[in-house]
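When you get a sec, could you build the whole thing from the sequences and use the hints?
Spelled out, the chains give:
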Amino acid sequence: MTENKPSLRLKILGLVLILSGVYFVFLPNKYTALSIIDFFKGEKITAEETINLDAFSRIPVLRGGRVKPIDSVARNTLLVLRNKRTALDENGTEVPAVKWLADLLFDPERADNLKTFLIDHDQVLGMIGKKLTRDGKYFSYNEIEPFVEEIERSAQEAGKIEREHRNYFHQNVTELYHGLILYRNLKTTLTPPPHAPSSSVHDHSQLEPMFFNEEKDTARTDEYRRFRDLTAEIAQKTEEIKMGNSEVLGPLMYFIDYYARFNLFAEFFPLPPEPGETGGKWRKIGESLVGSEPLDSKQKAEIDPARFISTARALVASPDVELPAKISSIRQNLKMDPTALFAAQYAEAIKLRKGIDPIIELYEKLGPSYRAKDAKAFNQTVARTRTIVNERAGEEISTLAFEKTYNGYEPFYRSSIGYLWIFLIACSSWLVSVFSKSERGNAARTLVNCAYLLTGLALIAHTFGLAGRMYIEGRPPVTNLYSSALFISWGAVLLCFLTEKFLRLGIASAMGSLIGFGGLVVAHNLSIDSSLNPSGDTMEMMRAVLDSNFWLATHVVTITIGYSTTFLAGFLGIAWVISMLFRRLVRTTGQGRDLDRKLVSMIFGITCFSLFFSLVGTVLGGIWADQSWGRFWGWDAKENGALLIVIWNAIILHARWAGIAKVRGLSALAIFGNVVTAWSWFGTNMLGVGLHSYGFMDKAFAPLMIFICSQVAIIALAYAPTLFALPKSKKTPYPVD
Amino acid sequence: MTGKKTRPSSLSERRKRFAWLIPLADLRLTLTLLSFSMILIFVATLEQVRIGIRGAQAEFFESLYGIWHYPEQFWGGGLLNPVPIPIPGGYLLGGLLILNLLAAFVTRFQWTGKKMGIQFIHLGIIMLLIGQLATQAMQEESRMQINKGESKSYLERFHGVELAFIDVTDPDTEQVVSLSQNLLEQGGLHYTKDLPFKVRILEFGPNCEFNSLPPARQPTGTSAVVNRGVIQSANLDIRPKPEDFSSEGMNFGYVVFELLDGSESMGTWAAISHPAGNHWWAQINPKMGDLAFQPIRTGGRLWGATLRPEREYLPYSIELLGIANEFYQGTEVPFNFESEILLKMDGNQTRRALVYMNTPLRHDGKTFYQYQMNKAADYTVFQVVRNPSWLVPYVACILVSIGLLWQFSFHLARFLHKNSGKTHEAA
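Protein sequences appear in the order of chains A and B.
For the first sequence, the positions run 12 to 748 when our numbering is used.
For the second sequence, the positions run 2 to 428 when our numbering is used.
Hint data in this document are derived by calculation from the structure and do not stem from the laboratory.
Where hints are given, some of them may not hold.
[Stated by the list, open to error] Computed far set for chain B versus chain A, every beta-carbon distance over 10 angstroms:
id, residue
1, 132
2, 157
3, 242
4, 253
5, 293
[Stated by the list, open to error] DSBU-like, lysine-lysine: derived pairs with alpha carbons at most 30 angstroms apart:
id, chain 1, residue 1, chain 2, residue 2
6, A, 609, B, 115
7, B, 149, A, 346
8, A, 376, A, 387
9, A, 673, B, 115
10, B, 115, A, 309
11, A, 384, A, 41
12, B, 194, A, 337
Glycine included, each C-beta is placed from N, C-alpha and C at the ideal position.
This is the structure we're talking about:
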């Protein structure tokens, strides 16, 4: 390369490339809803006459064990149903997640026409009489509704088959069925399912006047209030609780049963702990009205009616101050006694649950104003709901505003676009450098420098994404398979960025962006795998044994860095194979030897890192296992996988030290490291055995096999250079071994 | 390797004196052994699906070699499955690796400060290998199930049974004499002064299947010789089955034994142990309830015989005060399993403790881990481990860490030295 200053044209080219990167990664663009600027702005202020869904999307609710904004619920459930974070309307225009959820909650008839479900398996499409080529793959609830029973039947059939023997049809139909349940549950979170008293048990004429009546009642709260009047009356006249008194007990039992079932059909918890409750839990609407059923409904059949009535009466008759203690004593000591447990729930419903939660009334008001497009009323109600919910939720909502903006910014999506861009730039830099005349040499150098700077930019977004998750979750970066993919790609890109700082060849940038992009694609696919992520929330709660920030921060992070560096060494090996083949093709000998030397030292140095991190991580894992299971090493599948990486890295380094592996050997060994790491990362989980099988999945099997085969093919290419060395070539072949 | 100014003759002298060790220390041998270890670990991991972790451990890791058959359900499985493939086992590879490393210490490693890191790392690796061998030889795993409000003073082995004879004549004290699984496997005649009869073990197996036959049919299996006790009265046909090593495997151990008064036979009994505890027999079939206690009357005393998980009695007892099993709201993800216990030691000394995830109870060389819990039935199960060599991996880790730090600081020092040299030149 000559030391000429880049020309003005090149300077402009560089600037344009960098600015395009900034646009993809940080600025408002058409690919994502929000940009970096939104983190500094407060809430959007909308005109009074438009419905303020932004404010609505910020209302805190509890789903999946975590308090989150409604926005997250909308996005996550759509991710499960449609594998995207938006819905489509009849014309195929995108509908934002929160708009879709608002429709579903307040105007279900409209929501039922939105294209919400992804069905792309031909057999499942056939069930609902659709064709992929004609009808596409997105369908509304109304299109599927007539076939729900058939889908349910097929899913139940599939459920009887052992997991490993289910075929794609079984998987797809089960997924669709779960999606339909999720959709219906969302619908009945704020609005109870229709009344259906059985004519043999209930006296319909007695119940009818209590039911919500669309013509007479303003809101469903009127029905709740009538129920409350009934319980208040019974609480006063305990003697009414007696065998055979169906006039009073009939409606009571019907409603308690009905509201308790409403709990089962609600997807999230909209009601924060009540004021003054210490260590209180969030409630569903049914729970707020009647508490929750202590046991499976089926166990009601085992109730002894006489004793149930007498226990319930005695409980209701006891003074207010004593009742909670009595109920909790039953729940503690009579766990195997359905009669006592259900009596305790009845006593709670009759006497402890008082009034109607004001938040229920507010949610009830949202519906009519939303349907009538009465923006003023809707916005006011949302504002009041938020004030009350925020107040009652306490500290749990501190990260919610951030989470809402973070959702819209989509840092990983942005950085993956950035990585793709970098990869293209780095590749074109090599193409340009092949014709290494002075002007083009400068062009190549500009491109390489741009790729380097852009890596830095994309890395900032990627880092921000990880840091945002850590802030929201209050956890170290790696908590599940999804976040391990985020972190592995981040680690590799970071190392590439540092390597590129010293060795400005464009190779580290290209390989780093390739791993970065690949890792983020893997992460995305993990997030839409409904067997792995049934709730759609990638920030799921950690089960008890993993609930240790210390070990997550040490063992899990080091092991993951080990994966990351091993992949990086492998991809540098691939880079060598490509460059070697390329040089053979165009028969340049140019800087071959120098490039090889640099690549060898890069691969070698990174493998040293790999050995260090995988060894330390594995050993830390052993110590954790000793602390929680009583053995340092148990030959568990995931442990074995980690050990394979350690041994493989040791083999690479010792082969190098012994002088057995030179450039070609070292590259081939490093590429095989990809296979070993992929096996340890995913393959071991597919076995479905052992203590670490928290992330079992079967869908990833085919991609894993394809990846492994591709790596083996590249190794074979490394050893088949003679194919390209034409016999008539006068140049001596470049020595690689 | 040569040209060291400090103790230049040390390594070459050692190489001369231990020339016969040089081939054993070869790096190519190391690479071969490591490559075989990869194959071993990979194959053994795959085999866990078929034979369970314990089975794979016994077949491959705790053996000199294992035999592997290519899985039938893989591509070309029908063709390749019948071919037995020998895989070098854990003891073979581990042993050879230790030898290879030791030989390298003598004939290849330089005992100099600069290379001290390498030596520490490899010493740590040797310790890890030896520690694992020691653990596999010495570690004992048992379980302890306690109901809420009750105390327990014994452990039950996860695997392994014993034939226990219990004298319950005196309502206040029980006398227990038991024959361990080792003795049952040996077979033959056993007697002790504590037992009023001799016991001849006719057959023992770790697992069986059993069928209650209609009265008209005679058992033809192992239990054909039985003429006393529950097996005879319930007309059970017992057939031996290979031990199931998988983690959910249910192994019904069985034993057929003859009791002798002097040289005169008192009859032939059989017993089966229920893997979840012998109290389950009554639930399966009321006729089989007595498998928990088959009465034997002799010399005016009442004895009971039962085959049960091998027990270890402790000099202390543990009372379960309470359990907690909490879930994240609206999910099935548990965030806490916790048992509150009272440890009752000699001389009325007591100690309260909480046992929960990542925080076991350590007492008297044993560690009690929270293992299972049943909230509805109010009981907890601890996994109890005694591993005298538990410290070895920790020491090994410290050695490896020191070694790594040592090597890294040398590299760093050299790097800094180089760089400072450059700045001097520049100045």
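Hint check results:
Distance check for residue 132/B against chain A: the nearest CB is about 7 angstroms away, which does not clear 10 angstroms, and the non-interface claim fails. No beta-carbon of chain A is positioned within 10 angstroms of the beta-carbon of residue 157/B; the least distance is around 16 angstroms. Residue-level check passed: residue 242/B sits 22 angstroms from the nearest beta carbon of chain A, beyond 10 angstroms. Residue placement check: residue 253/B keeps its beta carbon more than 10 angstroms from all beta carbons of chain A (closest about 23 angstroms).
Residue-level check passed: residue 293/B sits 22 angstroms from the nearest beta carbon of chain A, beyond 10 angstroms. About 26 angstroms separates the Cα atoms of residue 609/A and residue 115/B, which keeps this hinted pair within 30 angstroms; it holds. With a CA separation close to 13 angstroms, the supplied pair residue 149/B and residue 346/A stays within the 30 angstroms bound. Using a Cα cut-off of 30 angstroms, the hinted pair residue 376/A and residue 387/A holds, with the two alpha carbons roughly 12 angstroms apart.
Only pairs whose Cα atoms come within 30 angstroms are accepted, and residue 673/A paired with residue 115/B is accepted, the gap being roughly 26 angstroms. Using a Cα cut-off of 30 angstroms, the hinted pair residue 115/B and residue 309/A is violated, with the two alpha carbons roughly 73 angstroms apart. Annotation: proposed proximity of residue 384/A to residue 41/A holds, straight-line Cα distance about 27 angstroms (limit 30 angstroms). Annotation: proposed proximity of residue 194/B to residue 337/A is violated, straight-line Cα distance about 57 angstroms (limit 30 angstroms).
Going down the numbered hints, you'll see the structure goes against 1, 10 and 12, while the others check out.
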